[in-house]
Amino acid sequence: MLALEASLSEAQFCAAVGQLKADASKRAVLAELLRENNPVYDERGTAAVVRMRGWILLAIAELGLTEPELLYVLEELDNGHDAYLVAAAARALRTYATPAPVFAQLLLRALGNMRSRDDVVSLTTYGGYTIVEGSTARQEILRTFAWLGAAAREALPELEAMRGEAGFSAALKQELGLAIGAIGAACAEGAEPHDCCSPQADAWKPAPGAAPLNMQTVTLEDQDGRRIGFRELFTGKSSVVAFFYTRCTNPRKCSLTIEKLARVQRLLREKGFGDRIQTAAITYDPAFDLPDRLRAYGASRGLTMDDNNRMLRTVRGMAALRGYFQLGVNFIESVVNRHRIEVHVLNPRGEIAASFERIEWDEAAVVDTAIAAQQTGTA
Amino acid sequence: MATKKPRRSTAKPAARKKAKPASVPAMDTKMALALAANPKKSIAQRVAAAVQLTRTACDDAQLFDEILAVLKDGTVPSPVRLAVLQALQAATFSSPVFDICRPAYLSALRALVKDPDKELRQRVLGILAREHDGYTQQLLLEGLRDPKKAVVPAEKALQLLSYDVHSDAYPVAREIVRNPPNQRARREALRLLAADANSVGMFETILGNKKEAPEVRQLSASALHSLAPKKLQDMARKIVLDKRDDHKVKATSLTALASFGSDSIARDKPLIAKVERLEGNAASSAVKRGANQFLSKYRP
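Protein chains in written order, with my numbering: chain E, 510 to 888; chain X, 32 to 331.
There's no promise every hint is true.
Quick list of in silico lysine to aspartate or glutamate cross-link-like pairs, DMTMM-like style, CA-CA up to 20 Å [said to hold, decoys possible]:
no.	chain 1	residue 1	chain 2	residue 2
1	X	K103	E	E642
2	E	K535	E	E571
3	X	K262	E	E869
4	X	K261	E	D801
5	X	K262	X	E235
6	X	K180	X	E150
7	E	K682	X	D96
8	E	K780	E	D816
9	E	K682	X	D90
10	E	K780	E	E642
11	X	K262	E	D877
12	X	K261	E	D733
13	X	K262	X	D273
14	X	K179	X	D130
15	X	K145	E	E642
16	E	K682	X	E150
17	E	K769	E	E667
18	E	K682	E	E698
19	X	K61	X	D96
20	E	K682	X	D130
21	X	K180	X	E235
22	E	K780	E	D815
23	E	K769	E	E642
Which chain X residues face chain E? A few, computed with CB under 7 Å, are given here [to be verified]:
no.	residue
24	L137
25	M233
26	T236
Honestly, the hints are just simulated from the structure, not real lab data. The C-beta atom is built at its ideal place from N, Cα and C for all residues, glycine as well.
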């Protein structure tokens with residue numbers, strides 16, 4: 510079997526995924542391949558990463574979606590903006606063992622995300638490009654609604670309202686009608702949806718006893734050009750740390766993350782923790798996101814910037830920072846080729862107390878977690 | 032009495048007037064499409080009809096498919112196909128329901144990326160490149176790596192790839208800077224690399240090299256301003272102080288110092304003295320203007 514590494518051509522990658530599909534003992538590798546920081550994505554352009562990830566999702570759809578892969582599929586529906594990946598994710602979700610109500614909201618969100626980004630894709634050829642036949646992301650999403658059946662009951666009013674909307678073609682309205690019909694029929698039969706799984710990533714803590722990485726080598730620079738060490742900045746009080754970069758083209762990722770961080774700041778002030786808990790937005794793209802750019806990006810999204818709330822870039826120790834947070838990001842040279850949404854809560858010792866990853870996170874939940882981390886202190 | 036022969040005019044033939052664009056009455060999509068597709072009508076009439084497709088292009092799925100068929104039909108005269116494309120482009124903004132048609136539209140455009148009509152091909156690639164279309168990026172990169180597969184000139188491919196910083200274009204752009212097929216391609220490669228933080232050293236070298244064309248050095252100054260503004264300020268100062276440097280690059284440097292320089296420049300007496308001399312004596316009006324701009328901010 511070909512080693513899955515950065516030097517593989519896309520044709521070799523495609524063949525390797527075919528080998529993985531055929532070997533049940535290698536099933537876990539498919540989920541591993543969906544991590545952004547997997548070396549197979551090193552030094553690939555974003556379009557190549559999209560082709561590769563789409564192919565993995567379709568392989569998973571053929572084999573049947575399982576628990577380790579589920580969050581990646583839900584992530585794509587929640588905030589993906591590439592029609593090929595969203596279509597592949599919607600297709601894969603239909604192969605999960607159990608339809609669950611929580612999927613309906615994410616499918617509705619995906620329909621909204623794809624409204625002005627829909628495209629014809631091929632779900633049988635590598636890369637998804639087609640100039641002939643294919644399906645669209647919104648078609649696949651609606652077919653997944655039909656699969657959800659009674660589990661999509663709560664989404665019925667919104668789906669019904671879409672019947673009268675101008676943004677649906679006759680073909681899509683037909684799929685919409687089928688979905689509504691399937692949901693209605695399942696509800697009429699008295700099917701009870703199985704309430705499983707929360708799409709919110711479980712908070713995780715570093716393994717007990719794990720040796721801390723050497724963060725003393727990490728130096729950050731803020732939006733005013735002031736430099737500070739990681740330890741100096743992040744010890745003494747709890748912190749909410751979000752990652753982003755100014756050249757992100759997905760409005761549901763970085764731009765939204767910073768807007769939500771601004772709301773976290775407001776909630777902290779309202780609860781009397783504005784000075785006791787700090788916020789930090791750290792860029793994945795330190796070479797390009799110079800202080801003036803950081804400042805402009807934060808200001809245009811309503812972010813407060815002061816000694817307790819900073820936008821930061823790494824001037825030294827980026828590798829250590831990536832390792833410390835296990836950042837879900839990869840690069841082609843210095844440019845991000847793919848990243849996840851990630852917000853971390855640090856305790857007053859600078860240790861990661863909780864992480865909110867991939868799916869849109871709730872500001873109030875992050876604030877409550879940060880307050881708990883602050884109040885328990887070093888306990 | 033012999034009749035006089037009519038005098039032959041000695042006036043020059045009237046300059047060939049540009050044909051007036053045909054005007055056609057306002058009509059519905061079906062009629063406009065029928066006229067645009069009608070080979071018996073003049074090109075001007077067909078173009079005028081195609082323009083009318085903007086308003087209602089996306090209202091009917093079947094008609095939209097027929098519009099796309101005209102666009103894709105290689106036997107339709109180029110001006111008509113271009114007019115149809117223009118109407119569709121306008122519809123993406125003006126039609127409130129264009130989202131419905133977007134998948135079919137993009138699919139049709141991809142079918143045209145290798146069309147024999149050069150202007151149509153380039154416009155289609157431009158639209159797709161602005162969509163950050165992976166298929167298009169792959170095609171353009173392939174053409175840069177292997178010119179036999181190129182569908183547009185290298186400089187055009189680089190320009191289109193520069194719309195997306197996430198395209199895998201930096202390595203091939205650097206190679207083109209080193210070994211350009213032509214100077215236009217080299218300039219476009221430099222423009223593309225203006226978003227590459229790893230290219231700061233290259234831009235410093237180019238800006239500091241008086242053997243480089245002034246336009247290329249100015250382009251490098253602009254890139255440095257984006258990637259490493261302090262380095263640009265340092266280099267701009269040196270260029271202004273250098274009596275033998277090019278006047279265009281000097282003017283650019285003065286503008287950079289005036290627009291983005293720090294307050295500490297007000298204490299830089301040698302620089303201010305030099306700029307005062309330039310304001311009075313420079314042969315270049317651009318340098319004088321730049322000097323004036325600088326001094327309006329920093330003159331003691």
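Now the hints, each set against the structure:
1. X:K103 with E:E642: 16 Å, holds
2. E:K535 with E:E571: 15 Å, holds
3. X:K262 with E:E869: 39 Å, violated
4. X:K261 with E:D801: Holds. K261 (chain X) to D801 (chain E) sits at ~12 Å (cutoff 20 Å).
5. X:K262 with X:E235: 8 Å, holds
6. X:K180 with X:E150: At roughly 18 Å apart (the allowed maximum being 20 Å), E150 (chain X) and K180 (chain X) satisfy the hint.
7. E:K682 with X:D96: 18 Å, holds
8. E:K780 with E:D816: 19 Å, holds
9. E:K682 with X:D90: 15 Å, holds
10. E:K780 with E:E642: At roughly 55 Å apart (the allowed maximum being 20 Å), E642 (chain E) and K780 (chain E) break the hint.
11. X:K262 with E:D877: Distance of about 44 Å is beyond 20 Å: violated.
12. X:K261 with E:D733: Holds. K261 (chain X) to D733 (chain E) sits at ~14 Å (cutoff 20 Å).
13. X:K262 with X:D273: Holds. K262 (chain X) to D273 (chain X) sits at ~17 Å (cutoff 20 Å).
14. X:K179 with X:D130: 36 Å, violated
15. X:K145 with E:E642: Holds, because 19 Å separates the two Cα atoms, which is no more than 20 Å.
16. E:K682 with X:E150: Distance ~37 Å between K682 (chain E) and E150 (chain X) Cα, so the pair is violated.
17. E:K769 with E:E667: Given that 20 Å is the threshold and the Cα spacing comes to 25 Å, the pair is violated.
18. E:K682 with E:E698: 24 Å, violated
19. X:K61 with X:D96: Holds. K61 (chain X) to D96 (chain X) sits at ~12 Å (cutoff 20 Å).
20. E:K682 with X:D130: 14 Å, holds
21. X:K180 with X:E235: With Cα atoms ~33 Å apart, K180 (chain X) and E235 (chain X) exceed 20 Å; violated.
22. E:K780 with E:D815: 19 Å, holds
23. E:K769 with E:E642: 40 Å, violated
24. L137: 5 Å, holds
25. M233: With a minimum Cβ separation of about 13 Å from chain E (threshold 7 Å), the hint on M233 (chain X) is violated.
26. T236: 18 Å, violated
Violated hints for the displayed structure, listed by number in ascending order: 3, 10, 11, 14, 16, 17, 18, 21, 23, 25, 26.
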